[in-house]
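Just so you know, the sequences run in chain order A and B.
Residues 1 to 272 in our numbering are what the first sequence lists, from first letter to last.
Residues 1 to 380 in our numbering are what the second sequence lists, from first letter to last.
Bear in mind the hints are in silico, worked out from the structure with no lab data behind them.
Among the clues, some could well be false.
Said to hold, decoys possible - Heads up, simulated DSBU-like pairs for lysine-lysine below, C-alpha to C-alpha not over 35 Å straight-line:
| # | chain 1 | residue 1 | chain 2 | residue 2 |
| --- | --- | --- | --- | --- |
| 1 | B | 141 | A | 256 |
| 2 | B | 230 | B | 141 |
| 3 | A | 256 | B | 230 |
| 4 | B | 126 | B | 186 |
| 5 | B | 186 | B | 230 |
| 6 | B | 309 | B | 230 |
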Amino acid sequence: MIAGWSRFNVVSVVLGFAFLYLPIVLLVVFSFNESRLVTVWGGFSTKWYVSLFSNQGLMDAAWVTARVAVISATVATVLGTMAALVLTRHTRFRGRILFSGMVFAPLVMPEVITGLSLLLLFVAVGLDRGFLTVTLAHVTFSMCFVAVVVQSRLVTFDRSLEEAAMDLGAPPVTTFFQITLPVIAPAIVSGWLLAFTLSLDDLVIASFTSGPGATTLPMKIYSQVRLGVTPEINAVSTLMIGLVAGGVIAASIVNKRRAVQRARDEQAAERG
Amino acid sequence: MNSLGSIRRVFAPWNDPAAKPYIVFERVTKTFGGFTAVNDLSLVIYEREFFALLGASGCGKTTLLRMLAGFEEPTSGRILLDGQDMRGIPPYRRPANMMFQSYALFPHMTVEQNIAFGLRQEGLPKPEIEARVADMLKLVKLGQFARRKPHQLSGGQRQRVALARSVAKRPKVLLLDEPLGALDRKLREETQFELMDLQQELGLTFVIVTHDQEEAMTMADRIAVMDKGKVMQVATPAEIYEAPASRFIADFVGSVNMFEGTVERSDEDGASIAGNDGFSIRTSNTGGAARGSSVAFAIRPEKIRVSSKPPEQTAFNAVAGEIYDIAYLGDMTVYHVKLPSGQVVKASALNAARITNDPLTWQDRAWISFDPDAGIVLTS
Chain A
1 MIAGWSRFNV VSVVLGFAFL YLPIVLLVVF SFNESRLVTV WGGFSTKWYV
51 SLFSNQGLMD AAWVTARVAV ISATVATVLG TMAALVLTRH TRFRGRILFS
101 GMVFAPLVMP EVITGLSLLL LFVAVGLDRG FLTVTLAHVT FSMCFVAVVV
151 QSRLVTFDRS LEEAAMDLGA PPVTTFFQIT LPVIAPAIVS GWLLAFTLSL
201 DDLVIASFTS GPGATTLPMK IYSQVRLGVT PEINAVSTLM IGLVAGGVIA
251 ASIVNKRRAV QRARDEQAAE RG
Chain B
1 MNSLGSIRRV FAPWNDPAAK PYIVFERVTK TFGGFTAVND LSLVIYEREF
51 FALLGASGCG KTTLLRMLAG FEEPTSGRIL LDGQDMRGIP PYRRPANMMF
101 QSYALFPHMT VEQNIAFGLR QEGLPKPEIE ARVADMLKLV KLGQFARRKP
151 HQLSGGQRQR VALARSVAKR PKVLLLDEPL GALDRKLREE TQFELMDLQQ
201 ELGLTFVIVT HDQEEAMTMA DRIAVMDKGK VMQVATPAEI YEAPASRFIA
251 DFVGSVNMFE GTVERSDEDG ASIAGNDGFS IRTSNTGGAA RGSSVAFAIR
301 PEKIRVSSKP PEQTAFNAVA GEIYDIAYLG DMTVYHVKLP SGQVVKASAL
351 NAARITNDPL TWQDRAWISF DPDAGIVLTS
């Protein structure tokens with residue numbers, strides 16, 4: 001048993017959390033600052049949120065980011081799921097180790113390298129940099145994250161479910177769409193959300209592969225900050241934090257509820 | 001006519017030379033990498049038979065079943081089902097359905113949807129599917145659970161859903177892979193009889209894989225005992241028990257005492273064996289053993305009598321020893337009698353009377369004896 005909280009423990013926890021969250025808290029607090037100065041508190045106000053929505057440049061960038069994130073996450077999910085399926089199902093094909101290494105290499109590849117090499121590729125094939133190239137670049141680096149998430153689910157997938165479906169007369173394609181896909185759907189959704197978030201906050205790769213007219217929100221924020229931080233930036237950042245945190249919290253609550261309900265059902269079923 | 005065991009079988013197509021085999025394994029071999037799971041195995045199963053594949057884990061029985069279902073292809077040899085060669089036919093086009101050991105219920109579907117899955121693949125009209133699902137639910141007595149998901153069911157209920165799902169398509173053959181393995185003992189015994197009734201009712205051919213000999217004995221018309229990818233013996237439960245083909249079978253099925261010895265006489269009246277345990281054995285069957293050959297005389301514990309007094313004659317089939325251990329099981333008592341040679345003989349006595357006037361206790365001197373037709377001579 002833990003015998004209460006020692007002073008050392010309390011201090012460690014407070015310092016640790018402060019280190020993690022103080023910058024974010026400051027950012028959020030100053031987004032409600034009346035004053036134009038980022039570091040001086042001038043009273044509570046929501047005017048920066050109002051002015052944010054009339055800042056066409058930021059709004060355009062937000063719209064580009066949202067579209068890039070949705071499209072790239074979706075494409076990456078399809079490709080990543082396919083890669084995960086091949087890697088878990090066909091364990092004996094030639095070059096499997098090479099292939100799995102190649103799928104997962106971008107996980108540890110420095111973003112600068114990924115961005116630069118993609119840029120060189122786009123230039124070499126003569127693709128004009130813009131919305132398409134950013135989206136393609138995001139697909140490239142986020143599909144391996146999807147593959148990892150889906151693969152970890154597939155490893156524990158009970159193959160006899162598929163065998164049972166085929167035994168009952170379902171051809172392989174039907175089996176995949178009616179049995180495999182619904183069962184691994186939670187992992188695929190997680191993979192999509194991960195890819196979406198990664199795309200949302202990517203700055204480095206987007207800077208390399210984007211072009212005129214396809215400035216993403218992180219790029220816009222970064223370029224504006226170089227001219228001086230305005231509370232508008234605080235406001236847009238606060239909204240992003242809210243979006244991501246809201247999503248994560250909602251997902252974990254849903255998961256938790258489902259697990260609790262399931263445990264309850266199982267207990268009830270065993271009692272008869 | 002003398003019969004083995006206490007059951008007269010009316011259904012015995014395997015004794016009828018005109019009977020047409022329904023499932024045929026013809027010199028089937030299956031290897032996985034360097035491991036031979038099934039080794040040059042031939043086997044015939046008849047229509048409406050309840051057939052059990054019995055063996056320890058790794059003996060190849062599940063591989064055999066999976067080849068019949070179409071999940072594995074034989075490396076060599078062929079499998080015929082109702083006269084049709086099954087090579088190259090995928091599982092979803094075979095007239096056999098399987099009940100999985102893990103039940104493999106689809107977790108995202110309700111009980112109803114699970115049972116209807118196979119029927120939907122056939123493209124049956126909706127009202128017909130509903131009617132058949134309702135029939136199945138009635139058959140396995142799960143009507144009130146139709147809308148539950150698998151995780152909301154107990155183990156026994158899941159087992160019944162799996163069963164209903166696999167028979168819903170009215171397959172020609174139902175394959176059962178350790179169907180009762182996950183149930184507790186009491187439920188297992190009940191379900192054994194339910195399965196037998198179901199097989200009678202539906203008139204299907206059942207092929208069951210099990211490692212539980214009691215389960216195989218209870219349910220099956222015939223049992224194939226398997227070891228290392230080969231069939232050691234195919235016979236009715238009574239034949240397997242009373243006339244095992246080898247030392248392996250005798251030892252694998254039930255409890256047995258084996259006395260090794262040398263045949264001194266062998267003719268149509270039976271055989272005499274000089275036992276290595278210091279007493280001679282006379283038996284009414286010879287097992288085809290020639291004079292001078294080394295054999296084992298196998299006898300089941302319930303066919304050995306134990307008493308404190310010497311039997312009527314002590315020249316053969318009788319020897320004195322010491323009570324070494326006693327297990328009182330209620331319906332019967334098992335005595336372990338240690339012979340002077342050191343061998344411990346198991347003898348079980350039915351407790352038909354509540355009170356006995358010849359009670360035995362530990363370290364008592366006791367005689368064991370048996371009749372000439374009580375055991376069997378094994379040469380292999």
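So, going through the hints one by one against the coordinates:
1. B:141 <-> A:256: holds (33 Å)
2. B:230 <-> B:141: violated (39 Å)
3. A:256 <-> B:230: violated (50 Å)
4. B:126 <-> B:186: violated (38 Å)
5. B:186 <-> B:230: holds (32 Å)
6. B:309 <-> B:230: The hint is violated at about 46 Å.
Hint violations for this structure: numbers 2, 3, 4, 6, all remaining hints satisfied.
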